[in-house]
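A.B. asks: Chain by chain, the residues run as shown.
Protein chains: 2
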Amino acid sequence: MPKGSTQKVPIQTDFDTLKARLSELAHFSSVIALLDWDKQVYMPKHGAELRAATFSYLAGLLHQRFVELDADGLLERLRHELNQNKLDADQTVVVREVVRTFDREKKLPQKFVQEMAETVARAHGFWEEAKKSGKFQIFAPHLEKIIALKKEEARLVGYKDSPYDALLDPYEPGMTAAQLEPLFADLREFLVELLKKIKKSKVRQNPKMFFGNFPLDRQRKLNELVAAKIGFNFSAGRLDESTHPFTITINPGDVRVTSRFNPRDVLYSISPTLHEAGHALYEQGLPSEHFGTPLADPVSLGIHESQSRLWENLVGLSLPFWKYFYPKLRKEFPKPFGKISLGDFYQNINVVKPSLIRIEADEVTYNLHIIIRFEIEKGLIEGAINPADLPKIWNQKYKEYLGVTVPNNGVGVLQDVHWSSGLFGYFPTYALGNLYSAQFYAAAKDATPNLEKAIEKGDFSKLLNWLRRNIHVHGRRFSAADLVREATGEKLKPEYYKKYLAEKYSKIYRLE
Amino acid sequence: MPKGSTQKVPIQTDFDTLKARLSELAHFSSVIALLDWDKQVYMPKHGAELRAATFSYLAGLLHQRFVELDADGLLERLRHELNQNKLDADQTVVVREVVRTFDREKKLPQKFVQEMAETVARAHGFWEEAKKSGKFQIFAPHLEKIIALKKEEARLVGYKDSPYDALLDPYEPGMTAAQLEPLFADLREFLVELLKKIKKSKVRQNPKMFFGNFPLDRQRKLNELVAAKIGFNFSAGRLDESTHPFTITINPGDVRVTSRFNPRDVLYSISPTLHEAGHALYEQGLPSEHFGTPLADPVSLGIHESQSRLWENLVGLSLPFWKYFYPKLRKEFPKPFGKISLGDFYQNINVVKPSLIRIEADEVTYNLHIIIRFEIEKGLIEGAINPADLPKIWNQKYKEYLGVTVPNNGVGVLQDVHWSSGLFGYFPTYALGNLYSAQFYAAAKDATPNLEKAIEKGDFSKLLNWLRRNIHVHGRRFSAADLVREATGEKLKPEYYKKYLAEKYSKIYRLE
Numbered sequence: 038m039p040k041g042s043t044q045k046v047p048i049q050t051d052f053d054t055l056k057a058r059l060s061e062l063a064h065f066s067s068v069i070a071l072l073d074w075d076k077q078v079y080m081p082k083h084g085a086e087l088r089a090a091t092f093s094y095l096a097g098l099l100h101q102r103f104v105e106l107d108a109d110g111l112l113e114r115l116r117h118e119l120n121q122n123k124l125d126a127d128q129t130v131v132v133r134e135v136v137r138t139f140d141r142e143k144k145l146p147q148k149f150v151q152e153m154a155e156t157v158a159r160a161h162g163f164w165e166e167a168k169k170s171g172k173f174q175i176f177a178p179h180l181e182k183i184i185a186l187k188k189e190e191a192r193l194v195g196y197k198d199s200p201y202d203a204l205l206d207p208y209e210p211g212m213t214a215a216q217l218e219p220l221f222a223d224l225r226e227f228l229v230e231l232l233k234k235i236k237k238s239k240v241r242q243n244p245k246m247f248f249g250n251f252p253l254d255r256q257r258k259l260n261e262l263v264a265a266k267i268g269f270n271f272s273a274g275r276l277d278e279s280t281h282p283f284t285i286t287i288n289p290g291d292v293r294v295t296s297r298f299n300p301r302d303v304l305y306s307i308s309p310t311l312h313e314a315g316h317a318l319y320e321q322g323l324p325s326e327h328f329g330t331p332l333a334d335p336v337s338l339g340i341h342e343s344q345s346r347l348w349e350n351l352v353g354l355s356l357p358f359w360k361y362f363y364p365k366l367r368k369e370f371p372k373p374f375g376k377i378s379l380g381d382f383y384q385n386i387n388v389v390k391p392s393l394i395r396i397e398a399d400e401v402t403y404n405l406h407i408i409i410r411f412e413i414e415k416g417l418i419e420g421a422i423n424p425a426d427l428p429k430i431w432n433q434k435y436k437e438y439l440g441v442t443v444p445n446n447g448v449g450v451l452q453d454v455h456w457s458s459g460l461f462g463y464f465p466t467y468a469l470g471n472l473y474s475a476q477f478y479a480a481a482k483d484a485t486p487n488l489e490k491a492i493e494k495g496d497f498s499k500l501l502n503w504l505r506r507n508i509h510v511h512g513r514r515f516s517a518a519d520l521v522r523e524a525t526g527e528k529l530k531p532e533y534y535k536k537y538l539a540e541k542y543s544k545i546y547r548l549e
Numbered sequence: 038m039p040k041g042s043t044q045k046v047p048i049q050t051d052f053d054t055l056k057a058r059l060s061e062l063a064h065f066s067s068v069i070a071l072l073d074w075d076k077q078v079y080m081p082k083h084g085a086e087l088r089a090a091t092f093s094y095l096a097g098l099l100h101q102r103f104v105e106l107d108a109d110g111l112l113e114r115l116r117h118e119l120n121q122n123k124l125d126a127d128q129t130v131v132v133r134e135v136v137r138t139f140d141r142e143k144k145l146p147q148k149f150v151q152e153m154a155e156t157v158a159r160a161h162g163f164w165e166e167a168k169k170s171g172k173f174q175i176f177a178p179h180l181e182k183i184i185a186l187k188k189e190e191a192r193l194v195g196y197k198d199s200p201y202d203a204l205l206d207p208y209e210p211g212m213t214a215a216q217l218e219p220l221f222a223d224l225r226e227f228l229v230e231l232l233k234k235i236k237k238s239k240v241r242q243n244p245k246m247f248f249g250n251f252p253l254d255r256q257r258k259l260n261e262l263v264a265a266k267i268g269f270n271f272s273a274g275r276l277d278e279s280t281h282p283f284t285i286t287i288n289p290g291d292v293r294v295t296s297r298f299n300p301r302d303v304l305y306s307i308s309p310t311l312h313e314a315g316h317a318l319y320e321q322g323l324p325s326e327h328f329g330t331p332l333a334d335p336v337s338l339g340i341h342e343s344q345s346r347l348w349e350n351l352v353g354l355s356l357p358f359w360k361y362f363y364p365k366l367r368k369e370f371p372k373p374f375g376k377i378s379l380g381d382f383y384q385n386i387n388v389v390k391p392s393l394i395r396i397e398a399d400e401v402t403y404n405l406h407i408i409i410r411f412e413i414e415k416g417l418i419e420g421a422i423n424p425a426d427l428p429k430i431w432n433q434k435y436k437e438y439l440g441v442t443v444p445n446n447g448v449g450v451l452q453d454v455h456w457s458s459g460l461f462g463y464f465p466t467y468a469l470g471n472l473y474s475a476q477f478y479a480a481a482k483d484a485t486p487n488l489e490k491a492i493e494k495g496d497f498s499k500l501l502n503w504l505r506r507n508i509h510v511h512g513r514r515f516s517a518a519d520l521v522r523e524a525t526g527e528k529l530k531p532e533y534y535k536k537y538l539a540e541k542y543s544k545i546y547r548l549e
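Chains R and D are the protein sequences, given in the same order.
First residue of the first sequence? That's 38 in this note's numbering, and the numbers climb one at a time after it.
First residue of the second sequence? That's 38 in this note's numbering, and the numbers climb one at a time after it.
Pulled out of the complex, with its shape left as it was, chain R reads as follows (with noise of 0.2 angstroms):
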C-alpha cells in the first residue's frame, strides 16, 4: 500500500498495528529502565563499560521501531482519521499524542540527533572536572556548543513566539515562555519579600538536634513502612538505595523508588523517599491497561512534579503527617526524638535558609532557584545573554533573589548536570510541580471533608483515591492545563502555592 493512503485498511485494523508497534517500543523502554535502574543501583564497577555499549545499542533499536511506527504510512492514515474526527474518544487521544511526538522526532535529522548526543557525552567530563575545580572556562566551550545546539534544534523543530517554547515542549507540552514569564515574575516578587519577613525573624532553629546513630537496616524498615504507608504497593515495586534518589518504570506492575541514607540522620531519607513515592504512586496510578500507550503515559514533568512534591512538602511536611508518624519515630528512635516535642520537632523539619544548591533548598527558597535558571536558560537561548558571562548572572541573581554570595562556581552555575546533558527547559517543570502540587492539594481538600483529619490517623487513602480519580487514571488524556481545569475547576492559579507558603510560614515564623 503506498504511503499515505487512506483507503482499504479499516481504522480499527490501523489502530491495531498501531498499538502492536507501540507494546513493542514499551518492551524495549522497559529493558532500557531495567538497564538505567541496575546501574544506579546493583552494577559492579567492571560491568560498566560494556553496559554503556548495551545501553546505546538498544537506545539506537528502540529509536529504529519508534520511526518504524509509520512504516507502511501507518501514521499517515490515522492522522487524517483524527483530522477527520473519526477515531473514537481513546483512539484519538493515542493517535493525537503518538502524531506529535513523531512530528517532533521527524524534525531532527538523524546527523542532527546524533551531534547532539556526541556532544553532550563529550561535554560531561568536561562539566565535572569545571565543577570540582571552579573554573567555569573549562566547560565553556562546551556549553556553547550545546547551546548553538540546542537554538538548532528550536530552530528545526519550529516555535511561534520563543525559541525556547520548542525546548519546554517535550518536557511540558503547550507549556510556553509567554505563560512562564508572568507567573514567575509574580512569585519570585512573592518569595523575595516572604523570605525578608523570614530573615527577620527571631524564631530560632536548630534541626541538628535530630543527628544521631541510625542503623541502616531499621531506617530502610521505617522508609519502607512510610512509602506503603502512603500507598506504593510493595508488590508492584521496590525501595533500594543509590546516590541519586531517582524513580523508574519497568512495567505497570515493576514501578521503583530508590532514597538515599546517612547512618546519622534519619530525616535525610524520609523527604526524598517520600518524593519518590510520590512519583511512584503516580506511575501506579496509571491505567495498567492501556500501558504502551500514552493513555497510560504521565502528562508532563511539571504534573508528575505535583506528585512527588504533593507527598514530600505538602503532606511530608505537615503537623498531620506527623501526628501520626511522629509517635512511630520516637518508638524506633527514643534517641534523640524522645526528648524533643512534637512541636519542636515540626518547628525544625522546616527551616527556610537561603542556601546556594537548588537541590538542598527548603520550600521558600526551591523555587527561587528555578527561576534564576528559567531566566537565564531563556536569555541564553533566546541570545539576550552571552554564555561568557554566565559565572556574572548566576551570582548577581543569587545575590538579589536570595541574598547569598556565590564563592566559587561549583557552588554556583556549575552546580547541576542538566545543562551539560542538554536539559534546557527542563527546570521550570520543577516549579511548575510546586504550582501545581498546592493548587492539587487544596482541591482535594476542597473535595473530601476531613482530609487531615484522616491523614493524623494515617489514612491517607482519601487522598491517593482523590489524586487517582482526578489525576493518575487519565494518562495523558488532557494537557497539564486542560488536566488542571478538570482537575481542579480553574487554570493553574500561583495563588495556591503562595497562600500555602504564606500562611505555613507565617506560624512557624511568628511573622505579622
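You may find that some hints are simply not true.
Identical chains blur together in the list; that is why a pair holds if it fits in one copy or across any two.
[Claimed, not checked] Think about it this way: if two alpha-carbon atoms lie no more than 30 angstroms apart in a straight line, the pair counts; the simulated DSBU-like pairs of lysine-lysine are: (1) K541 / K236; (2) K82 / K365; (3) K499 / K82; (4) K56 / K82; (5) K258 / K82.
It is worth saying that the hints were derived from the structure and are not from the lab.
Could you slot chain D onto chain R? The hints should help.
C.D. replies: Just chain D now, kept in the frame of chain R:
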C-alpha cells in the same frame, strides 16, 4: 552478492562483519541475562506478567539476529574459507563454533521450535501440580509429548549411533551415549561398592551439631569473604540471594552469583556460594577481549560444572580449606563452633547418606542420582523405556543403586524440573563435571608444589592460576575431550574421581 559466493569480499572483512554481528547477539544475551537475574533476585511479584512478555519479545529478536548471522551468505563464505584452511587460528575457532551452532539451529524449523516452546511452557504447571500431589499421571501425557518432540529433534538434527547423542550435543559437544555408557557403568559399580562399605562403617556423625542462630547479614558477609578469598572479583560481580542459587554473566565485567541462606544453619550457604563462585571464576577468567565470540565462551556444561564442583567439593569440603577458614568461622560464630574441634567439623561436613533427592546428595551418592537419570532418559529417547513405566523403573533403580525406597513420585521421578523443560541430555554433564574436576585437581596438584599447603594458608591463587592458564583462558578453543588432554595430558579417566572418593572416605569412615 549471491548467497554462498566466495568472491570479492576479503576474508578479514567477512570476519569483521561476523564479529560485528556476534557483538549484537552479545548485547541481546546481556539484556536477557539481566532480565533473568532480576526476575530471580529482585523483581516484585506483579512485574512478572509483563516481564515474561518482554523476555519472550527479546528472545525472539535474539533468535532473529542469530538467523541473520548468515545474511548475504556470510557464514557460507566463511565456512568455505574454513574448509580451505584459509583462516588463522583464532578465526578458525570462531567460524568453526559459530557454524556448528548455526547448522544445528537451522535444522530445526521455526514451527518445531515454537511447538517445543509451547509444549514445555504448558507442561510446567502440570509438572508442578504432579510433583506436589505425587500423581505422575497428571504430568504423564505432557512428558510423553515432550519425549516425542525430543525424538523428533534428534531426527531433525541427525546422529550416527543413538538419537540420544543429538540431544547431548548442545550441552556437551562431542560426547556420545557410547562414550558415557562404559564410563557410567564403571563408576556405578564403584560407587555402589563404596556405598556398601560406608553403610557398614561404625563411624557416627551428627551434622545437627552445627545448628544455631546465624544473623543473615553476618552470614552474607562471611560468604562474601569466602568468595572473595578464592578469587571472585567483586568489582566485576555480585553475590545476592535467590531460592535456587545460580551464576549469570551480564558481560565479562559483570558476573553475578546468588546463594541461599538459612538463619539456623550457616553451612547451608557456604557450599552453594563456593559452587556458584566456581562457575563465576570460570566466567571471570574467560578472555574478555574476545567477548561475544566462542573464544570467550565456556567449552561445555560439563567443563563448567567441573569448575563449580572443584571449588565446592574438592576444595570446599577438604581439610586444607577448613584449616584456613575454620578459625574464621569459629571467631565469627563462637556458638556453636567454639566447642567443635576442626577434626569433628571436617568429619561432620562430609556425611555420606543415600537419600531421595539429587540436589541434597553428598559427593559419593550424587553421581548415582545422575546415572539413574542417564539410564532412564537414554532409554526413553531410544525407545527402550515406555514413559508410562517411569515411576516403576525410577523406584527400582533407587532401591538397587542407592538402597532407598521412594515413598511418592513427588520426591521420586518428579523431583527435577529438567524433563518438564525439555532438558534431555543435560543430566550427564553434572556427573562429567565431577569426573573432570578430580582429574583437573590432580593435574593442578601435580604441577604445583605445595598446592594444598598454600590453601591451608589461605592462598588460593596457585590453584586459580592453574585453572586460569589451563582451562579458562582457552574459551571454546578446544573440545571438552581435547581440553582435558591439553590440561592433564590424558583423556578423561574416571579413576581420578574414584581415587579421590576412595581415599577421602576411607579415612572418614575408617574403611579397610
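A.B. asks: Indicate, hint by hint, whether the structure satisfies it.
C.D. replies: Hint-by-hint comparison with the structure:
{"no.": "1", "hint": "K541 / K236", "verdict": "within (15 angstroms within a copy, 80 angstroms between copies)"}
{"no.": "2", "hint": "K82 / K365", "verdict": "between (38 angstroms within a copy, 28 angstroms between copies)"}
{"no.": "3", "hint": "K499 / K82", "verdict": "between (44 angstroms within a copy, 26 angstroms between copies)"}
{"no.": "4", "hint": "K56 / K82", "verdict": "between (38 angstroms within a copy, 26 angstroms between copies)"}
{"no.": "5", "hint": "K258 / K82", "verdict": "both (27 angstroms within a copy, 19 angstroms between copies)"}
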